Amino acid sequence: MQAVAAGTPLSAPHGLPGHLVGFVEALRARGIPVGPSETVDAGRVMIVLDLMDREVLREGLACALLRRTTHRSIFDGLFDLWFPIAVGERSGALDDLEIPHKPSGEVDIQALRELLADLLTQEDATQQLEMLAAQLVEQLGQYQSSRGPSYSAYKALKEVQPQTLLAKILAGLSIGPDTSEFDTEIARRAARERIAGFRATVEAETQRRVAEQLGRDRVASYAVARQAEEVDFLRASESELVEMRRSSQRLARILASRLAVRRRHSRRGEIDLRKTLRKSMSTGGVPIDLVNRKPRPGRPELVLLCDVSGSVAGFSNFTLLLVSALREQFSRVRIFAFVDRVDEVTRFFDPHTQLDEAMARIFTEAQVIGMDGHSDYGSALAGFAQNFPDAVTPRSSLLILGDARTNYRDPELETLRSLVGVAKHAHWLNPERQTQWGSGDSAADKYQQVIEMHECRSAKQLTAVVSRLLPV
Numbered sequence: 006m007q008a009v010a011a012g013t014p015l016s017a018p019h020g021l022p023g024h025l026v027g028f029v030e031a032l033r034a035r036g037i038p039v040g041p042s043e044t045v046d047a048g049r050v051m052i053v054l055d056l057m058d059r060e061v062l063r064e065g066l067a068c069a070l071l072r073r074t075t076h077r078s079i080f081d082g083l084f085d086l087w088f089p090i091a092v093g094e095r096s097g098a099l100d101d102l103e104i105p106h107k108p109s110g111e112v113d114i115q116a117l118r119e120l121l122a123d124l125l126t127q128e129d130a131t132q133q134l135e136m137l138a139a140q141l142v143e144q145l146g147q148y149q150s151s152r153g154p155s156y157s158a159y160k161a162l163k164e165v166q167p168q169t170l171l172a173k174i175l176a177g178l179s180i181g182p183d184t185s186e187f188d189t190e191i192a193r194r195a196a197r198e199r200i201a202g203f204r205a206t207v208e209a210e211t212q213r214r215v216a217e218q219l220g221r222d223r224v225a226s227y228a229v230a231r232q233a234e235e236v237d238f239l240r241a242s243e244s245e246l247v248e249m250r251r252s253s254q255r256l257a258r259i260l261a262s263r264l265a266v267r268r269r270h271s272r273r274g275e276i277d278l279r280k281t282l283r284k285s286m287s288t289g290g291v292p293i294d295l296v297n298r299k300p301r302p303g304r305p306e307l308v309l310l311c312d313v314s315g316s317v318a319g320f321s322n323f324t325l326l327l328v329s330a331l332r333e334q335f336s337r338v339r340i341f342a343f344v345d346r347v348d349e350v351t352r353f354f355d356p357h358t359q360l361d362e363a364m365a366r367i368f369t370e371a372q373v374i375g376m377d378g379h380s381d382y383g384s385a386l387a388g389f390a391q392n393f394p395d396a397v398t399p400r401s402s403l404l405i406l407g408d409a410r411t412n413y414r415d416p417e418l419e420t421l422r423s424l425v426g427v428a429k430h431a432h433w434l435n436p437e438r439q440t441q442w443g444s445g446d447s448a449a450d451k452y453q454q455v456i457e458m459h460e461c462r463s464a465k466q467l468t469a470v471v472s473r474l475l476p477v
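Just so we're aligned: 342 in this note's numbering is position 337 of the sequence shown, and the numbers increase by one with no gaps anywhere.
Accuracy of the hints is not assured; some may be wrong.
[Unchecked claim] Here are the simulated lysine-lysine pairs, BS3-like style, with alpha carbons at most 25 Å apart:
id, residue 1, residue 2
1, Lys280, Lys173
2, Lys163, Lys173
3, Lys160, Lys107
4, Lys451, Lys429
5, Lys173, Lys160
6, Lys107, Lys163
[Claimed, not checked] Label pairs and their in silico Cβ distance ranges:
id, residue 1, residue 2, range
7, Gly378, Thr398, 55 to 63 Å
8, Gln439, Gly36, 17 to 25 Å
9, Lys451, Ala205, 42 to 50 Å
10, Glu235, Arg194, 52 to 60 Å
11, Thr169, Ile191, 32 to 40 Å
Rather than coming from a laboratory, the hints here were simulated on the basis of the structure.
Since we're looking at a predicted model, the values are computed, not measured.
Backbone N, C-alpha and C fix where the C-beta goes; we use that ideal spot for every residue, glycine too.
Construct the complete structure from the given sequences, taking the supplied hints into account.
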């Protein structure tokens with residue numbers, strides 16, 4: 006039997022239907038579109054499936070609720086919180102599996118490592134590994150916080166260090182000196198996957214125990230993966246940046262369709278006075294029906310001035326990728342990059358060049374780094390105005406990308422003011438929170454007095470801002 010933590014509710018306040026609705030609301034809060042029809046389908050799925058088979062329930066709800074495969078990681082994280090594998094401390098499922106202890110009562114770490122390595126070499130030890138992870142969290146991962154007992158996956162794995170068991174697992178898989186390099190590499194990858202899987206099991210068990218104390222919603226706010234469009238540019242991990250790049254083409258298609266629709270439905274042309282007066286002759290000279298000249302919509306020019314320093318690399322890379330995919334929507338696109346010097350890098354971006362290759366060429370072939378390689382917006386603006394005086398014209402839309410952190414150097418406000426005065430439209434996209442503008446070495450509070458500045462901390466926010474700002 007599985008013990009129940011004190012004060013832990015065994016069921017949802019409104020029964021199983023209310024629990025399902027709460028799960029659906031959590032999915033919606035994470036940006037996953039789940040409508041009433043999908044919710045009804047999920048309810049029907051729960052009627053016909055065996056609720057005691059947790060993995061079957063997981064797959065059934067995923068089929069009913071999800072529309073895109075990219076939402077699966079978010080779904081799995083929330084499912085583990087709303088439909089946990091147990092409640093409270095897990096004990097008694099496998100009586101013959103216990104963490105080894107020394108005569109003094111302390112956990113025998115060396116024997117525990119041997120036990121873990123042995124289980125990781127077995128093909129069908131999933132249940133044993135889950136129970137071992139549960140005991141590991143209970144006995145080694147518990148600590149006293151300001152709110153009472155809590156659990157930490159880092160503390161549970163700190164002494165065990167499963168990542169150092171690779172050699173023992175390979176030995177258990179009968180990998181010897183006579184084994185071919187190919188088979189050795191296959192076994193090594195399999196061992197690493199099993200170690201990563203065990204770490205994930207410990208983390209899931211930790212989240213389950215913490216969620217019983219702090220609540221599912223709070224744990225979900227930091228423990229469940231977010232959609233690529235909602236990831237903060239300045240805090241994104243490498244895997245999140247990769248996923249964001251994958252979504253750039255889809256976002257570019259959305260933006261392109263919006264711009265095309267706006268261009269088709271753009272405002273009417275100016276009133277044609279001569280034709281209006283001629284038509285008014287039929288109404289006694291009263292111009293009842295106005296005649297407009299046919300509009301001649303033209304695609305605008307876009308000038309992009311982009312900070313490519315390390316502090317805003319994720320934001321700059323994604324925006325450059327997005328703009329590169331939108332090039333057909335503009336009559337002309339010119340891209341300029343800078344750290345403390347500015348250079349034109351338009352030639353590095355074309356439909357056949359990968360972003361990583363383009364960014365590598367920027368730092369090896371373009372002159373974007375001067376003396377010390379620290380961001381200098383003032384120097385970049387002055388160099389841009391001096392070396393590329395014809396870049397910004399009255400037909401240009403100027404977009405500046407960066408966090409406006411000048412390292413306490415001259416921001417060159419007058420230079421920016423002159424550029425803004427020439428351009429047809431001018432906007433600054435800043436990946437930092439608006440509450441941080443002007444703090445430390447940020448000159449954003451000064452720049453926003455000259456140019457309209459917009460907070461763009463995520464791909465979703467950036468898409469909305471660009472869709473609203475780009476002219477037709």
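Exercise for the section: Below or equal to 25 Å on CA atoms is what counts here, so check Lys173 against Lys160. Expected result: holds, 23 Å
Exercise for the section: Measure nothing beyond the straight line between the CA atoms of Lys280 and Lys173; if it is 25 Å or shorter, mark the hint as holding. Expected result: violated, 90 Å
Exercise for the section: Just tell me: holds or violated, for the beta carbon distance of Thr169 and Ile191 against 32 to 40 Å? Expected result: violated, 21 Å
Problem - 25 Å limit on alpha-carbon distance, applied to hinted pair Lys451 and Lys429 - result: Holds: Lys451 and Lys429 sit about 21 Å apart, inside 25 Å.
Problem - Lys451 versus Ala205 beta-carbon gap, inside 42 to 50 Å or not - result: holds, 47 Å
Problem - C-beta pair Glu235, Arg194: status relative to the range 52 to 60 Å that was hinted - result: violated, 32 Å
Exercise for the section: For the range 55 to 63 Å, tell me whether the beta carbons of Gly378 and Thr398 fit it or not. Expected result: With Cβ atoms ~31 Å apart, the hint is violated.
Exercise for the section: Compare the distance between the alpha carbons of Lys160 and Lys107 with 25 Å, and conclude whether the hinted pair is satisfied. Expected result: holds, 20 Å
Practice task
Sort out whether Lys163 lies within 25 Å of Lys107, counting only the CA atoms.
Solution key: Within the cut-off at roughly 19 Å; holds.
Exercise for the section: Would you check the hint for Lys163 and Lys173, treating anything up to 25 Å between C-alpha atoms as holding? Expected result: Given that 25 Å is the threshold and the Cα spacing comes to 18 Å, the pair holds.
Handout entry: Range hint compliance [Cβ, Gln439 to Gly36, 17 to 25 Å]
Key = holds, 22 Å
Hints 1, 7, 10 and 11 from the list above are not met by this structure, while the remaining hints are.
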